[in-house]
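From first to last, the protein sequence lines stand for chains F and E. So the first sequence is numbered by this note's numbering: it starts at 25 and just counts up by one. So the second sequence is numbered by this note's numbering: it starts at 206 and just counts up by one.
I should point out that these hints are in silico values taken from the structure, not numbers from a laboratory. A couple of the hints might just be wrong.
[Said to hold, decoys possible] Here are a few chain E residues that face chain F, going by a calculated C-beta distance under 8 Å:
| no. | residue |
| --- | --- |
| 1 | 223 |
| 2 | 245 |
| 3 | 246 |
| 4 | 248 |
| 5 | 253 |
| 6 | 256 |
| 7 | 258 |
| 8 | 270 |
| 9 | 303 |
| 10 | 304 |
| 11 | 306 |
| 12 | 311 |
[To be verified] Here are the simulated distance ranges between beta carbons:
| no. | chain 1 | residue 1 | chain 2 | residue 2 | range |
| --- | --- | --- | --- | --- | --- |
| 13 | F | 78 | E | 269 | 39 to 49 Å |
| 14 | E | 208 | F | 39 | 43 to 53 Å |
| 15 | F | 38 | E | 269 | 17 to 27 Å |
| 16 | F | 38 | E | 213 | 32 to 42 Å |
The beta carbon of each residue, even a glycine, is placed where N, CA and C say it ideally should be.
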Amino acid sequence: AQSVSQHNHHVILSEAASLELGCNYSYGGTVNLFWYVQYPGQHLQLLLKYFSGDPLVKGIKGFEAEFIKSKFSFNLRKPSVQWSDTAEYFCAVKGASNYQLIWGAGTKLIIKP
Amino acid sequence: GAGVSQTPSNKVTEKGKYVELRCDPISGHTALYWYRQSLGQGPEFLIYFQGTGAADDSGLPNDRFFAVRPEGSVSTLKIQRTERGDSAVYLCASSLLLNTEAFFGQGTRLTVV
Numbered sequence: 025a026q027s028v029s030q031h032n033h034h035v036i037l038s039e040a041a042s043l044e045l046g047c048n049y050s051y052g053g054t055v056n057l058f059w060y061v062q063y064p065g066q067h068l069q070l071l072l073k074y075f076s077g078d079p080l081v082k083g084i085k086g087f088e089a090e091f092i093k094s095k096f097s098f099n100l101r102k103p104s105v106q107w108s109d110t111a112e113y114f115c116a117v118k119g120a121s122n123y124q125l126i127w128g129a130g131t132k133l134i135i136k137p
Numbered sequence: 206g207a208g209v210s211q212t213p214s215n216k217v218t219e220k221g222k223y224v225e226l227r228c229d230p231i232s233g234h235t236a237l238y239w240y241r242q243s244l245g246q247g248p249e250f251l252i253y254f255q256g257t258g259a260a261d262d263s264g265l266p267n268d269r270f271f272a273v274r275p276e277g278s279v280s281t282l283k284i285q286r287t288e289r290g291d292s293a294v295y296l297c298a299s300s301l302l303l304n305t306e307a308f309f310g311q312g313t314r315l316t317v318v
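Could you put together the complete structure from these sequences and hints?
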């Protein structure tokens with residue numbers, strides 16, 4: 025079955041710490057991969073996406089993610105987090121010729137000032 | 206409008222009642238999606254419109270759920286005989302074309318008591 029697994033439901037870090045949020049997926053065929061962020065009280069926003077090409081993709085606000093096909097992973101990273109990164113982060117996948125996003129359960133990230 | 210607008214933002218209804226949730230997509234976006242997000246989970250696909258027609262309604266949980274988009278812009282998600290298990294945040298998203306970035310509204314939080 026198609027699924028997305030996010031390993032941590034809650035992560036607490038101090039400012040300036042490095043961040044890595046795990047995402048693994050189960051999906052047959054060519055995939056498109058996404059990370060969305062939801063800041064408190066706001067709507068879901070696209071952080072970054074991978075469709076093809078360089079497996080290391082850079083997004084907004086200093087975030088990046090690496091697609092490792094052999095591991096079915098698309099982990100999100102940021103070298104130095106800020107208090108304003110406090111939010112919930114969702115990984116999502118869809119087939120390249122599809123439109124239905126399949127979502128992970130989300131990771132709540134809290135940054136201590 | 207500037208973004209996807211969903212109304213109401215909150216809806217409390219009694220079990221067995223009928224509700225309508227409205228979505229105003231970004232002007233010019235041909236694709237419109239409805240997702241449902243239950244507490245502690247990622248969004249789940251409900252239905253997708255391309256123009257006026259429902260291209261895929263395979264995610265609707267049962268025949269109490271129905272959605273329309275009569276003029277290819279505003280969409281209404283309709284739920285009959287609501288049940289407590291229908292309580293969730295209902296998200297609407299739109300994209301310019303299939304396979305382009307989807308922009309999300311803030312959602313309607315439905316509570317069935």
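Failing hints, ascending? 1, 6, 7, 8, 14 and 15
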